[in-house]
Amino acid sequence: MRADLSLQQAPPFSVPARFLVSAPLFGLIAALVLLWHGPEMVSHRWTPEILAVTHFLTLGFLAMSMLGAMMQLMPVLMGMVIPRAVLFSSVIHTPLFLGSLSLGMAWLFQINQLFIVATVLLGFSLSAFIVVVSDRLLRSKNRHATRSMMLLALLALFITASLGIYLSLGHGVQTFQLARQLTGLHLSWGLIGWVLLLIIAVAYQVIPMFQITDEYPVSHQRWMGWSVFAALLCLSATHIWSLPIVKIFASTALIACLIIFSLTTLWILHKRRRQLADTTMRFWQLAMVSLLLLAMVWSAQAYIKIDMPALLPGILMIHGFAMTTVNGMMYKIIPFIIWLHLSVHNKNLRDKGERESQVKVPHMRKIIPEAASLWQFRFHMSSLILLILASVWPLLFFYPAAIIFAAAQLFLLFNLSKAVYFYNMKLAELSSQY
Amino acid sequence: MNIKQFMAQDHRDCDLLFAKAENAAANDDWTAASHAFTEFVHAMERHLGVEEQELFPAFEEETGILTGPTEMMRMEHEQMRTLFAEMKEAMEQQNSDDYLGAAETLLIMMQQHNMKEEQILYNMMDQRLPDEVNDWQKKFKGWNKK
Numbered sequence: 385m386r387a388d389l390s391l392q393q394a395p396p397f398s399v400p401a402r403f404l405v406s407a408p409l410f411g412l413i414a415a416l417v418l419l420w421h422g423p424e425m426v427s428h429r430w431t432p433e434i435l436a437v438t439h440f441l442t443l444g445f446l447a448m449s450m451l452g453a454m455m456q457l458m459p460v461l462m463g464m465v466i467p468r469a470v471l472f473s474s475v476i477h478t479p480l481f482l483g484s485l486s487l488g489m490a491w492l493f494q495i496n497q498l499f500i501v502a503t504v505l506l507g508f509s510l511s512a513f514i515v516v517v518s519d520r521l522l523r524s525k526n527r528h529a530t531r532s533m534m535l536l537a538l539l540a541l542f543i544t545a546s547l548g549i550y551l552s553l554g555h556g557v558q559t560f561q562l563a564r565q566l567t568g569l570h571l572s573w574g575l576i577g578w579v580l581l582l583i584i585a586v587a588y589q590v591i592p593m594f595q596i597t598d599e600y601p602v603s604h605q606r607w608m609g610w611s612v613f614a615a616l617l618c619l620s621a622t623h624i625w626s627l628p629i630v631k632i633f634a635s636t637a638l639i640a641c642l643i644i645f646s647l648t649t650l651w652i653l654h655k656r657r658r659q660l661a662d663t664t665m666r667f668w669q670l671a672m673v674s675l676l677l678l679a680m681v682w683s684a685q686a687y688i689k690i691d692m693p694a695l696l697p698g699i700l701m702i703h704g705f706a707m708t709t710v711n712g713m714m715y716k717i718i719p720f721i722i723w724l725h726l727s728v729h730n731k732n733l734r735d736k737g738e739r740e741s742q743v744k745v746p747h748m749r750k751i752i753p754e755a756a757s758l759w760q761f762r763f764h765m766s767s768l769i770l771l772i773l774a775s776v777w778p779l780l781f782f783y784p785a786a787i788i789f790a791a792a793q794l795f796l797l798f799n800l801s802k803a804v805y806f807y808n809m810k811l812a813e814l815s816s817q818y
Numbered sequence: 014m015n016i017k018q019f020m021a022q023d024h025r026d027c028d029l030l031f032a033k034a035e036n037a038a039a040n041d042d043w044t045a046a047s048h049a050f051t052e053f054v055h056a057m058e059r060h061l062g063v064e065e066q067e068l069f070p071a072f073e074e075e076t077g078i079l080t081g082p083t084e085m086m087r088m089e090h091e092q093m094r095t096l097f098a099e100m101k102e103a104m105e106q107q108n109s110d111d112y113l114g115a116a117e118t119l120l121i122m123m124q125q126h127n128m129k130e131e132q133i134l135y136n137m138m139d140q141r142l143p144d145e146v147n148d149w150q151k152k153f154k155g156w157n158k159k
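The listed protein sequences derive, respectively, from chains A and B.
Under this note's numbering, the first residue of the first sequence carries the number 385, and numbering increases by one thereafter.
Under this note's numbering, the first residue of the second sequence carries the number 14, and numbering increases by one thereafter.
No lab work stands behind these hints: they were computed from the structure.
Where hints are given, some of them may not hold.
[What the hints assert, rightly or not] Distance condition first, Cα-Cα at most 27 Å in a straight line; then the derived DSS-like pairs of lysine-lysine:
| id | chain 1 | residue 1 | chain 2 | residue 2 |
| --- | --- | --- | --- | --- |
| 1 | B | K17 | B | K152 |
| 2 | B | K101 | A | K750 |
| 3 | A | K750 | B | K33 |
| 4 | B | K17 | A | K525 |
| 5 | B | K17 | B | K151 |
| 6 | A | K744 | B | K151 |
| 7 | A | K731 | A | K802 |
| 8 | A | K744 | A | K731 |
| 9 | A | K744 | B | K33 |
| 10 | B | K101 | B | K33 |
| 11 | B | K154 | B | K33 |
| 12 | B | K17 | B | K154 |
| 13 | A | K655 | B | K33 |
| 14 | B | K101 | A | K731 |
| 15 | B | K154 | B | K101 |
| 16 | A | K750 | A | K731 |
What you are looking at is a predicted structure, and each value in this text was computed from that prediction instead of being measured.
Produce the complete structure using the sequences and hints provided.
Structure, rendered in structure tokens:
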């Protein structure tokens, strides 16, 4: 019976762990590039250094952690199993890691050949992931709104990656003309299509489950994904043809979606049954406030034609919304799967009769203490505020922002690596206690 | 009401009791926490008990599958019971960090378990078993009297 398979436990620990621990490493690299190049790099949006930092964050941090988290969450949320998970995750992770690194280096050191290397590696990794996971999702019997939204998110990732490859070839191949006009599309499909849709899809399930809240309203769940997707399609059309009315209409629809989603989430969280404000909840709240600010900045640009700092929307979307959400989720995923794998290991040893005594498996707060995640949250939030200030007054705030951002990423890397180290120690300890 | 509707609603009811106990423990109100915790564990044991003693055996008999989803669910029930014991111990020692840590672990364990049941197992049961197999709803309601 097929459905039996989906009741099996999560994939081996190394599958999500390699992705999640790699993410803050790229966050740290991005922060070091900021420190290295100084405030001149933010003079406009498309300096090579800014493009390098952006891709270290969107590919190295976000795609890395989102792909890893999907491999962990999909068996549970979607009742589907990824075949040969360890092999599959290596095939995805290694080229994603090296590809993200090459792409950033290509810009930083202006090495054209590296664009081609990055294109091949990232193209392979992302397409393999999209094909395998879409196939599994299409075959899943689950009919929750999350499924269709995940499929839309994967389609958006496919569009983003295709546009990215095309743009990258423009940098890497002399005879190939750089299609700069596609940059806006690449960015919209990546950040609004892939990142926003996936986070909404996951929020629909994990917020009510783990914060014990009401469900998102049914109509919200039914329409949000399609509305965002349709608005993006319309916006894309305005890149090809001049359709001013469609452009205003589609931007308004997208801004409305951002506001509706963030306010609904904040409201649901406010009315949650768990009074305990755990760190992940704070991350969710910060992410939603960032999304709301993004909607306001975007409205000011679209309707009142106010000049906003060029990097402000990117900071709010990438750091404020997406990285914040992912960072918060990591504090649930990593300690829980460590506990889960240790308890299963513990039980197996007992069942095999290799050990008689009951050994207590440490609970989540012993794996990553609440104080450690809370302090890292404070560093993360400070870095967001400083980055926002730096987008307006780079000379004053650029270096403090970069330093605190580096510290927040280092802190996250430390918390996650320490948890992985703890897992390996405990695993050895459990096995040795006969 | 079929198995899925009934048991999914009971999952939600247990969640509320869980939150009540956790809220009290987070406020260091150990008397209220202890009451709420006892209520929560009682509701959970009734839920798990009806599954283990009535629904799972009926499903296993009907389908002949003994080592499939029900075996997995029983194993997860045991993992949850280990966490109940840990929470109880922390509560007796009035150690809020240990209580909240074990409770958070249980919450995630319980939610992903419920999800598997609601999305897969209960659907399979509703397809294969009559609604009132073994008079299970009556036994569920009479569980307090045991």
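Going through the hints against the structure:
no. : hint               : result
1   : B:K17 with B:K152  : holds (16 Å)
2   : B:K101 with A:K750 : holds (17 Å)
3   : A:K750 with B:K33  : holds (23 Å)
4   : B:K17 with A:K525  : holds (16 Å)
5   : B:K17 with B:K151  : holds (16 Å)
6   : A:K744 with B:K151 : violated (37 Å)
7   : A:K731 with A:K802 : holds (24 Å)
8   : A:K744 with A:K731 : holds (11 Å)
9   : A:K744 with B:K33  : holds (26 Å)
10  : B:K101 with B:K33  : holds (15 Å)
11  : B:K154 with B:K33  : holds (22 Å)
12  : B:K17 with B:K154  : holds (16 Å)
13  : A:K655 with B:K33  : holds (14 Å)
14  : B:K101 with A:K731 : holds (21 Å)
15  : B:K154 with B:K101 : holds (25 Å)
16  : A:K750 with A:K731 : holds (20 Å)
The structure fails hint 6 only (numbered hints given earlier).
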